[in-house]
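Sequence order for the protein chains is A and B. End of the first sequence sits at 848 in my numbering; the numbers just go up one at a time, nothing left out. End of the second sequence sits at 344 in my numbering; the numbers just go up one at a time, nothing left out.
There could be a bad hint or two in this list.
As a list, the in silico BS3-like pairs of lysine-lysine whose alpha-carbon atoms are at most 27 Å apart [stated by the list, open to error]:
1. 707(A) - 235(B)
2. 142(B) - 340(B)
3. 340(B) - 675(A)
4. 336(B) - 675(A)
5. 824(A) - 339(B)
Worth flagging that the hints you see were computed from the coordinates, not collected in a lab.
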Amino acid sequence: MEELINIFVKSIFIDNMIFAYFLGMCSYLAVSKTVETSLGLGVAVIFVLAVTVPVNYLLDNYVLKAGALEWLLGEKALEIDLSFLSFIMFIAIIASIVQLVEMIVERFAPALYQSLGIFLPLIAVNCAILGAALFMQEREYSSLAQATTFAVGSGVGWLLAIVGIAAIREKIQYSNVPAPLKGLGITFIATGLMGIAFMSFMGITL
Amino acid sequence: MSLFSSKDLKLLTNPLSIDNPITVQVLGICSALAVTVKVQPAVVMSLSVMAVVAFSNVIISLLRNTIPARIRIIVQLVVAAALVILVDQVLKAFVYEISKQLSVFVGLIITNCILMGRLEAFALGNKPWPSFLDGIGNSAGYGAILITISIFREILGAGSIWGIQIIPASFYENGYINNGFMLLPPMALILVGIIIWIQRKYVKKLQTN
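Isolated chain A (complex conformation) (with noise of 0.2 Å):
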């Protein structure tokens, strides 16, 4: 038990998926306009982690590791490593959980469908995903509660980072930001300092 709440607090602040690994940038950039689709967003995405982390742990666990597939085809499996094919594997499992977080969305809250757009779609491509399966894979999680912890913390920290830099926008449209700096200069500096200080956190072991 000790061990997940160490995961979850960090994978929030620590290995946060923005500003130690800047994965997910792109959409973090794109979206972070106001603090509602930040919200909207960053809840997708957790969701989206919660579920394709711990099939790709699965995946990569009981046929992708080296004498993974013992269980299926015996002795001989031993011999067999086809961890070269994570990538291709773990981005057609994302794809098409994306795909169907999608359908599920559009049918159970198609407010927030409506609200989300293009970006839904985009999850799939988003780094932090793919990101965190990569992770959990060199880590080397030793339990599929683990690897889940992980992921719900990922998303988490990705979630309030992009839910802060929408509210330092939002205020930001106020001040006197020079011309060359306005909108995407201004943002990169914020978040470069926002960086600093999670740093902070870096040195915090529980």
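Dock chain B against the given chain A, drawing on the hints supplied.
Relative to the frame of chain A, chain B by itself:
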């Protein structure tokens, strides 16, 4: 038939300045910030992206009249993933140390917005040769920014470029210390902000209101 008409030349030169994928189109930001700590990984990353973007542009352009609209994204992802697996294996074989430094970011070329962006915006509607040039041009623009950022970060953060010590030892003896901050992620963001500032000051029409 000329291989390089003036229109084609524009495909190569526009992304270097006025239509730069990172500072103007806002694509490909993720990897641009993460791999620019030193110049070597930045160069390897730019070349990898160039290979993937250029060839997937060609493949999708050749297939453009046969892909059904509904599964467009899936076909693009499959082509991209296959090319990235190839590039990843080549990197692991020939430059193993650097591929370790790049870690997950080579895999993330699949979701690199430049790749998806150019496939959707250009390759699906144009012939193979212009698509190839467009891919090369955009990755060159991306690479230019990556190399610029990494030169600043490496020289200020470690006193070297490409691993070769530039700042002489006498500076260190007299009290000069490497700016450790440059090696950390947030500085990359601020550096891109400054590059955008400089670019928009001189190319006024890029400024937003």
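Hints and how they fare:
At most 27 Å may separate the alpha-carbon atoms for a hinted pair to count; residue 707(A) and residue 235(B) meet this at roughly 19 Å. For a cut-off of 27 Å, the pair hint linking residue 142(B) to residue 340(B) stands: about 22 Å separates their Cα positions. Pair hint residue 340(B) plus residue 675(A) holds up; C-alpha atoms about 21 Å apart against a cutoff of 27 Å. A threshold of 27 Å between alpha carbons decides the hint, and for residue 336(B) with residue 675(A) the separation of about 23 Å falls inside it, so the pair holds.
Note on residue 824(A) and residue 339(B): the hinted pairing holds, with a Cα-Cα distance of about 12 Å set against a maximum of 27 Å.
Checked against the numbered hints above, the structure breaks none of them.
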